[in-house]
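With the hints as a guide, bring both chains together as one complex.
Top to bottom, those sequences are chains S and G.
In terms of my numbering, the first sequence opens at residue 8 and continues consecutively.
In terms of my numbering, the second sequence opens at residue 143 and continues consecutively.
Hint data in this document are derived by calculation from the structure and do not stem from the laboratory.
Quick reminder that beta carbons are idealized off the backbone N, C-alpha and C, glycines included.
Any given hint might turn out to be false.
Stated by the list, open to error - Short derived list, chain S residues pointing at chain G, Cβ under 8 Å:
#1 142
#2 147
#3 150
#4 152
#5 170
#6 232
#7 236
#8 312
#9 314
#10 319
#11 326
#12 329
#13 330
#14 331
#15 338
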Amino acid sequence: MTNQTVIKVGTGATGFWGKLKVALARRTEGRGVALFIVIASFVTVSQPLVFTAYQVTLGRIALIGLVALGLTAVILMGELDLSVASTLAVSGVIMTTVANQTNIAIGILAALAASVVISLVNAYFVAIVGLNSFIATLGMLFALRGLALVLSDEQPVKLENTDFGIAFGQPLVGPLTPRILIFFAVFIAIQVFVSRVKAGREFLAVGGNRQAAYDAGIPVKRRIFTGFIISGGVAALAGVVNSLERTAADPTAGSTVLLASFAAAIIGGNYLKGGKGSIVGTLIGAASLGMLQVALTISGVQVPVQEIFIGGVLLLAVLTDPSSLRAVWGSISTTFQGIKNSLAK
Amino acid sequence: MAKETLTEAIAVAKAPEDTVAKKSSSFVAWIADKGIFVFTAILILASMTFVDGFASLQNVTDLFHRAAPIGIVALGMTFVVITGNYLDLSVVAQAAAAGVILIAVSNAYNLITAFIVAFIVAIIFGLVNGIAVGYFKANAVIVTLSTTYIGLGLLRLLSGGSQVFGPFDGPIATFGTSKLGPFPYSAVVLVVVTLILTFVLSKTNFGFMVRSFGVNERSTRLAGTNTGVIVIGAFLVTSMAAMIGGFVLAAFSNTAVSNMATGYDFQALAAIIVGGTSVFGGKGSVPRTLLGVVFVSILSNVLVLSQISYGWQQIAIGSLIVFAVTVDALGRRVGKK
Chain S
8 MTNQTVIKVG TGATGFWGKL KVALARRTEG RGVALFIVIA SFVTVSQPLV FTAYQVTLGR
68 IALIGLVALG LTAVILMGEL DLSVASTLAV SGVIMTTVAN QTNIAIGILA ALAASVVISL
128 VNAYFVAIVG LNSFIATLGM LFALRGLALV LSDEQPVKLE NTDFGIAFGQ PLVGPLTPRI
188 LIFFAVFIAI QVFVSRVKAG REFLAVGGNR QAAYDAGIPV KRRIFTGFII SGGVAALAGV
248 VNSLERTAAD PTAGSTVLLA SFAAAIIGGN YLKGGKGSIV GTLIGAASLG MLQVALTISG
308 VQVPVQEIFI GGVLLLAVLT DPSSLRAVWG SISTTFQGIK NSLAK
Chain G
143 MAKETLTEAI AVAKAPEDTV AKKSSSFVAW IADKGIFVFT AILILASMTF VDGFASLQNV
203 TDLFHRAAPI GIVALGMTFV VITGNYLDLS VVAQAAAAGV ILIAVSNAYN LITAFIVAFI
263 VAIIFGLVNG IAVGYFKANA VIVTLSTTYI GLGLLRLLSG GSQVFGPFDG PIATFGTSKL
323 GPFPYSAVVL VVVTLILTFV LSKTNFGFMV RSFGVNERST RLAGTNTGVI VIGAFLVTSM
383 AAMIGGFVLA AFSNTAVSNM ATGYDFQALA AIIVGGTSVF GGKGSVPRTL LGVVFVSILS
443 NVLVLSQISY GWQQIAIGSL IVFAVTVDAL GRRVGKK
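This is chain G alone, in the form it adopts within the complex (with noise of 0.2 Å):
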């Protein structure tokens, strides 16, 4: 497997140059790299003509609600995904960590504590998850569902699996529910992100060795970069991400339990390999994941309006990811011809 990665991750490098020779004969190379944007305007658009209460200034402020949390989340996963490292399952775990230790620890002592404790908590998780797939060269699928498991434990044991909750005036619940303009202090928090991820992963040195160490590690570590490095800041960089994203989404409701992250571990991979940031690594960019998690939220968005059951959200999610992953694989192989 990690030869084919490896080759495979040569042929995403050389896939862009590749598709621009052939982007007028090959439609569907096309589509896997510039499609998310096509797809994201029809669905906005259609959703506006056709969806009742869609474009609702309630409606609007309800989405970026959902999509805060999950987005910031997905944006620093990103970083773990270009690395070629498949996804950080235990975000799960950190963004509920997060969101406990800000409202449990500002209660009990106050909001900066809470900050610090939960900083520190993060970077905890960071570290073990990037020095066990940085150093050890484990697997990050095994590595982050074991440290799911002893963080969810911890936290449970911690917390007692109870649900907490903040002081209705205090700061955590004004930022909750505040706004600037139309738009929930949630939302200002994700663009900000967007654009500091965007930043670190484009212009910094440490983006470039992020992305070159995805299309390929070898040539990466022999061009004398420690590679270890690059993976841990990787790790580091998605655990500062679900930390934040615990808080957003411990304020929007002013309440936290260990539980109330689940499921965000895929749904955030769902979102980022919609963007089209490749499982192989090397390709994709912060703005895509963005993009993503529009995609993702206006879909699940418009399906709730509709009525339509969760079993069937669940179904479209899923049909979903396949379908943009065969689309990349296809527009691969066209590439490649």
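In isolation and in its complexed conformation, chain S is listed as follows (with noise of 0.2 Å):
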């Protein structure tokens, strides 16, 4: 399709605001940025709670974007990662069982371990027999759905060294705890990898056109194995989070999250066919996302409000996407075009 990220260096870029535009223009945050604005605005004003116990909210975004972070590395490239859901599960329960048996270190590598596996056959799937990510991901989330029942014995699996457990969800340094700490060292290990190295920045030349990708020498399939490796890593890594905080693993879990972390991604202006978008968008996304829910949860407005408002915010996001807008202007247009000529007759 259009490749709406033209690189306009050197054409307009003169002086400081010159160069400032064209810096925006590349930007895919900008509608994630005018939704936090709004929201964070509006949750000034009727709940400063938010922000004086920010701890919980940072708690909540983090909850939130980790799986989002992950997955926003493989919808750069223009796939999809259902399975992270099903992977999020999986790992909890390989972690706790592993832990139980030996010690905690030797579960959260035996559930990384998993995630890699997973991911490889995932993208086995994508990259070398051509399947569509969607559907693929698709069969893994039922199968590792299924893994995960089959691991736990329908039964959530309790963590025996609960004193790790619960020191994991205490402040470790200043007031963060561990698991907002991990989520900001995802993302900027994300980040760094996406935006400053050589195969991450191949990552949106993959998704922006594949074939000129790998005419220019780009290693597509490894590529797209790379991905698929960091969401089904980072969705363990939620996993095995849940899991010490809450000192049980639910094979059942993340059907919720799944919805949350695509939504976030969206909401951060990260382009669903690839080639543009940015994990700050999807960090932006995550923290609206987070504030929204933690200022309802305030509030006191009940959980189904909370997600027809989660629900009404992804829609606007989608249908406000400029190529939505250019796509309904265009129809319009076209409509009036069609009267005007009827009416000329």
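Below, the structure is given as structure tokens:
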């Protein structure tokens, strides 16, 4: 499709404002920032508690955003990974089961190793067999959910080392819990990888025009494997963090996470067809959603109303996408042209 | 991706002729095209021989009761899949809304009012999804995801999230338990919906446009079709089917609750894919989806009868989806050579 992030460097980049304009034109987070500002100002006026109790808000943002960060790596390449929800459940179950028999460190390693295997299977079907990633990972979503149930005997698995789990939920550095620290560490790692490392920058090329990327000598298949390993690994990390904090692994976990992390990535301006988007955008999306959720919860709004709000925000984000607006403007102007033509006759 | 889908779609459109020409040489392509018929026949025969209690009248009735609601939803969703828009996730909210409205409103007012309210709700769902996907060209997965959120949220808010029960001697309960010969009424509805939708998809102008849109969106638009209307139509068909599926589901147990259709989105898609409808759009038919529904229902029925745990059933269905799409992809690759 038409690539709208045409790099205009050198054509209109004169002076500070020109450069700024060019820099802004290449960003995709515009709508995310706008939404963030709207929600933030709304929250500041009505529920300042969201900012005073910032540990809670940050915890919620980390909960929503962790999986979304990994997912973004795949979305940048124009692929989807639905299986993250089940990867999260499977890795939690594996981590607690192994940790109960040995210790937590080996449990975490086992969970991450499992996620790499899962990601390799996903990427094999997408890159080598050539399946649509949406459908291939849909199959994995089912299969892995089944695997989590089989491994856990359809029961939540309790973590026996509860002391560690309880300690894990406590603030580690200042007021920040390990979950929040892990979230920001993952954010920085993926952001640096995607924007500063060659392999990561090539993700955008693979997403923008796969054939051109291939012709330019980018190892497209290897990049797809890397992307799926990132999204699977981060999902496994989220599963481990969840299970440690709750001192139990829920084999049915993950379905709400899937929806929330998609919402965060979309609101952050990531382009589902690939080639455009950023990790920062996903962070902004997760922050907007997290603030909204905490504010609604503090205000005592019922859960269904919160769902309506999140759905509404997501729908709004999709409909105000520049390409959506252009499409609908095209339809309207065609219709008016048609009316004008028929009137002229 | 859009460009890929376009080329994929053209490749899909070409595939049938190629497969016919090279039928003898390409076994995989043949399996991809006709395999579902063979596999369903083998599955039925094997189940009848090896699984105790499969062929009993009680089990067959039970099978129909389970297959009918999800089957009706899948039949309608075939339209959205054929237009190349992946799926309609919001059928979960739509079917649940129809079920809850049917029982709650008919308790409070009467059956006719309930039908009218459910119909209006279904139209609203179809229009919102259809306009967002057809005119705003938004991604169908995300749009229907958000309408699922909104729909289920509204439903829980209005119904209080609790289960609603119909009177046990009311018309809904009677419909849910009655049979026509060995077939429960729900199975009859399933067959009627199949016949109607098959006619719509293969004989009407609208059905032709839906298939044409799935094969090549651009050329359909350039041929002077208002493509937005086609997409809205496909989503409306899905909404109507989801509504009927919700009715049947609610009538079966004579109760309804907001989460009763959980999992219908992906289960319906699984049946559609297994039936051989391509997720790239353009290729597929309503009877194929019926066959897919029959296959998946019999498979899970056999797994339940063999006392295999729910976890293993999920693994089986997941592997089945991957297998079906792999065969589809390989078949297309063979067809292209």
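Results for each hint:
1. With a least beta-carbon distance of about 5 Å to chain G, the hint placing residue 142 of chain S at the interface is held under the 8 Å criterion.
2. Here the hint on residue 147 of chain S is kept, as its CB sits about 6 Å from the closest CB of chain G, short of 8 Å.
3. This hint holds: residue 150 of chain S has a C-beta 3 Å from the nearest C-beta of chain G, less than the 8 Å allowed.
4. Of the supplied interface hints, the one on residue 152 of chain S holds, with its beta-carbon coming within about 5 Å of a beta-carbon of chain G, less than 8 Å.
5. Annotation: residue 170 of chain S was flagged as interfacial toward chain G, and the flag is violated, the nearest CB pair being 30 Å apart, outside 8 Å.
6. This hint is violated: residue 232 of chain S has a C-beta 17 Å from the nearest C-beta of chain G, more than the 8 Å allowed.
7. The beta carbon of residue 236 of chain S comes no nearer than 19 Å to any beta carbon in chain G, farther than 8 Å, and the hint placing it at the interface is violated.
8. With its C-beta approaching chain G no nearer than about 6 Å, residue 312 of chain S sits inside the 8 Å limit, and its interface hint holds.
9. About 3 Å separates the beta-carbon of residue 314 of chain S from the nearest beta-carbon of chain G, less than 8 Å, and the hint is met.
10. Checking residue 319 of chain S against chain G: minimum C-beta separation of about 6 Å stays under 8 Å; hint holds.
11. Taking 8 Å as the C-beta cut-off, the interface hint given for residue 326 of chain S holds, the closest approach to chain G being about 5 Å.
12. Given hint, residue 329 of chain S at the interface with chain G, is violated; its Cβ is 11 Å from that chain's nearest Cβ, farther than 8 Å.
13. Interface hint at residue 330 of chain S: satisfied, since its Cβ lies 7 Å from the closest Cβ of chain G, which is below the 8 Å cut-off.
14. Because the smallest distance between the Cβ of residue 331 of chain S and any Cβ of chain G comes to about 4 Å, under 8 Å, the interface hint for this residue holds.
15. A hinted interface residue such as residue 338 of chain S counts as satisfied when its beta carbon comes closer than 8 Å to some beta carbon of chain G; here the least separation is about 5 Å, so the hint holds.
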